[in-house]
Amino acid sequence: MSIHEIRILPPLAIARLGSSKEPLENYELVVKDPLGHRQICAAETLRVNTRTGEISESYQPEMPIKFRDGKSIRPVAPFLEVFARTDGEKLVPLTVDLLAAEGLNPRSVKWTVSLGNLKAFRRTTIEQDKILASTSFSDHDVHPLEGRCDNFLPGKTLPLGSARYIKPNAAFPEIRLRYTPAAGLVYGASETRITADGVNGPVTEIDEIVKDRVIYDPTKEHATWRGWVDPGEPTDTNPGQIYAGYANAKGAQVSWGYLDDECDGIVEAEIQIGEKKLRAFARIGAGPPAFAPDSLPIRTVADEIEQALFGPEVRSADVSADRVEDIVRRAYETVRLLNTAVLNGNPVDGRLGAESMMPLQDSNDFHRMFAPIMATTLVDNLSVVALHQTILTALKSGTPPWFVDVLRRPEEVGDLSDKGRRKMPAMMRGADARYMTLTRRQIDLIRKSVASGLFFGGSAEE
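Residue 466, in our numbering, is where the sequence shown stops; the numbers in between run on with no holes.
Worth flagging that the hints you see were computed from the coordinates, not collected in a lab. Among the hints, a few may not be true.
To be verified - Here are the simulated lysine-lysine pairs, DSSO-like style, with alpha carbons at most 27 Å apart:
hint: 1; residue 1: Lys123; residue 2: Lys215
hint: 2; residue 1: Lys160; residue 2: Lys224
hint: 3; residue 1: Lys114; residue 2: Lys94
hint: 4; residue 1: Lys134; residue 2: Lys224
hint: 5; residue 1: Lys171; residue 2: Lys281
The model shown is predicted, which means the values in this text are computed figures rather than measured ones.
Model the full structure from these sequences, guided by the hints.
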């Protein structure tokens, strides 16, 4: 069989930071209690021999899944596998035998991993603030990904994890790479930090967080990240001023120059077959650990990608009660993690607006009179959770979703009327710093589930 094309699957992989040397084992979330939390269940896991780079076994982890080793968090270190399109249309795993049929061997596969952390650059727009790492290899060693930046101190780098081409063997002949993210540490620009603008000058203290991890040089000509203040322009990140720092005398957030070891980038695989060079790529990213691993957010990256791929409308054939129920379950799992009383704008220890919440943003951004979103007596967390459980129960009994009319549409995120602020999802902020909405595709799914009579025992195709 001839190899005509290669792909890397999954095309997008999310790693999660952790300082443990032992990666997190695989698990899946299973709904066992219709009104309870999802259950974490062990799933098939590959064990890598750290000395040889080979997979030594496939096993079923013992329960419960351990997310920590003592105080160290176990990182999520995803595998990326190469698939080939041969003489048929079907993709099959690229293996040692497939390579051999083309006169190639595992070392014929060239990997390139390119990562970046552009958080400081996104704000300062100074090219010298870009932190980039790249490496290419065909061996099976561990390849550290050291982020380099023109504004770093001499010899300093930002660790962005490592990549390893897993060595194929007889039991596991597939071609795959594993990306292991960084430890989840914070790096800085000084051993001291300013905590306030005092009467006699800046108030400073020893920075215990980064004193042993100072890598950024604020004395360089184009180094502005330490001491950075958002200029209040349309190009600011939204929401703005979300970097670590202190509030100066004017109330503006001043950056301490912190840098974390999160990143994202591209993994590429390449093989040469005669005169033909085949390439494939996938995207990877490294983010914080999942501290509520038995829950899924109401709106996820997967929802965004699905809408980007298939559009804002759902085909009738794709409408199902299970998909609607999943949205409601995710809403329930989200609100059970929230302090709904605080987010509503209820007084905290007798003070109004003591914490960050949407009512405070409404006042700060648009000078709306500060007021809770709902009646303060209606937002006890247990009551809100019970409401979502009631909705789940109703859906399972065949009652159509009554809440379609109170879903906030994307064009209504700026509606600050009492009615507009009380629409669902309530009290939560979207990426545009205004009230959260479901995606248009999620809303269309719920709307069509009602129109189709699905919850009355009908079919979406009828």
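For each hint, the structure was consulted:
1. Lys123 / Lys215: 21 Å, holds
2. Lys160 / Lys224: 14 Å, holds
3. Lys114 / Lys94: 23 Å, holds
4. Lys134 / Lys224: Roughly 14 Å between the alpha carbons, so the hint for lysine 134 and lysine 224 holds.
5. Lys171 / Lys281: 22 Å, holds
Hint compliance for this structure: no hint is broken.
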